[in-house]
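Asks: Given next are the chains, with one letter for each unit.
Number of protein chains: 2
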Amino acid sequence: MLYSGGLYFGGNRYKSRYADASFATWFLRTIVFTIMAAASVNTATYTDEKPIPTTFGVLLFPGFQALDVFGPIDVLNTLALSKKLNLYIIAETLDPVTTKIAAINTSPEFSESIVPTHTFDTVPPLDFLLVPGGLGTQAPGLDPTRDFVKNIYPSLKYLMTVCTGSALIAPTGLLDGRRATGNKKIWAWVTSQGPNVNWVAQARWVVDGNIWTSSGIAAGMDAMYAFVGYIWGEEQSKDLAMTLEYERHTDADWDPFAEYWGATWPLTPGAGGGNGGAGAGG
Amino acid sequence: MLYSGGLYFGGNRYKSRYADASFATWFLRTIVFTIMAAASVNTATYTDEKPIPTTFGVLLFPGFQALDVFGPIDVLNTLALSKKLNLYIIAETLDPVTTKIAAINTSPEFSESIVPTHTFDTVPPLDFLLVPGGLGTQAPGLDPTRDFVKNIYPSLKYLMTVCTGSALIAPTGLLDGRRATGNKKIWAWVTSQGPNVNWVAQARWVVDGNIWTSSGIAAGMDAMYAFVGYIWGEEQSKDLAMTLEYERHTDADWDPFAEYWGATWPLTPGAGGGNGGAGAGG
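Here the protein sequences line up with chains A and B, keeping their order. According to full-length UniProt numbering, the stretch in the first sequence is residues 1 to 282, in order. According to full-length UniProt numbering, the stretch in the second sequence is residues 1 to 282, in order.
No lab work stands behind these hints: they were computed from the structure. Incorrect hints may have been included.
[Claimed, not checked] Residues of chain A clear of chain B, computed beta-carbon distances all greater than 12 Å:
| id | residue |
| --- | --- |
| 1 | Y153 |
| 2 | P154 |
| 3 | P171 |
| 4 | V207 |
| 5 | D253 |
[What the hints assert, rightly or not] Going by beta-carbon spacing under 10 Å, a handful of chain B positions derived as facing chain A:
| id | residue |
| --- | --- |
| 6 | L79 |
| 7 | L87 |
| 8 | I89 |
| 9 | E112 |
| 10 | N151 |
| 11 | Y153 |
| 12 | E247 |
| 13 | D255 |
| 14 | F257 |
Where a beta carbon is used, it is the ideal one built from N, C-alpha and C, also for glycine.
Given the sequences, and given the hints that come with them, work out the whole structure.
Replies: In structure tokens, the structure reads:
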């Protein structure tokens, strides 16, 4: 248990384990690391090497879905108590970004606003970008947001979308020819945004290369726990989930919501997330 | 399916059902409502009547846990698409409130900041107050925050805490003699904050009168879905969970985390959420 500055928090139980590692283990790790580092010199693009991300960005736009952001990010908030990670909150301007959508007037005072730390033009280099969804993905004026994702993608180690975040970026072409998923309730609209994407209806999350797409809203948490497991190991991910008292879904194919909302791909008549196959412009 | 202002979203499937209600049903409802309204005139304190909340507040303080807030609130964000609800974000001042804790230096740039809409002095009357937890509950200087909760409680219809939110308010005495729960990993510290509280170790959430306390972090989502079911009916709550693609835990006693972290009450030697029974000041 860690005690620091008067605050109790769940210490990293692996620290003592590493401290006990023998010299031989350390030596072997050093050799392996040196070889990996040397191997990565010759490539600037993503390979199967599994680079470790340390700088994270979250992309915000008006009408983003709060849990799309804070589900996955709170996993990282907690991980960041024991690892050096940086987070940048990115938006078109530095004005606070609201979860509210101007087009919806039913709830004039029900929203939350988040403060960006950087704009599209000022954000430092990123390893990992999280793109949330939300009803705001269906609003007009998102071209600068899409351009930002398209332009920054080649320099990223990983890109993750939650919910309709995949629909938001599909028009950039980044998902073309890739397997991807998204929100199941409005699946017909999601898939209409990327006719050349290999949409996967039955999936909690999908990994294709360095792009992770997840299903609707809460699915972003399972995707992030899976990502943490992929990068830092399943023990680390399990420890985080137990700390956050979250029961993970560890099977990427687990998805009762696809069936519930009638999401299929290719779309069948009458299917498409309860929307009767209708789609809306983004 | 609702179509509004160019945006598709999951319409309230119950609307058409209500629209079909016969005149007799409407008449009966009017009578019942009139009787209930008349009965409530004579009492200013909470009874078993189940008043409907429409104004919600979230209490923020530095070092709050993001998912404690946005897990439950995003349920309400989505509910608010079809119901007139107001949300006030409340803090000691109107400065953005960060998830960061000054005392923890390991992660200097990993935090998010939320914009308050009201201070303790300016917040309009509230029906429902959400008190999150987080490492910030263990920081000094929280007396004004506790005083705010203590002073506003008598005018609330409901008070809900998430995670160490129960430990934050325990020193006010509001939980004395009541059943309550909280974070299981630092259970010993949580329970040390309220020696006169009837702490329930094995619980996803606990309801005592109009105070709902939930277990660690992610448990706040299950508590909020249960609350929505209590107020607006289980069908409404289920529809929200399916929309947010969240698998609810509907059993308030479900809690594998209490056993995992060794949380018991009264505390047994060596128990207390992995902290060996140690406690920290709040």
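Asks: Taking the numbered hints from earlier one at a time, note which ones the structure violates and give those numbers from smallest to largest.
Replies: Those not satisfied are hints 10, 11.
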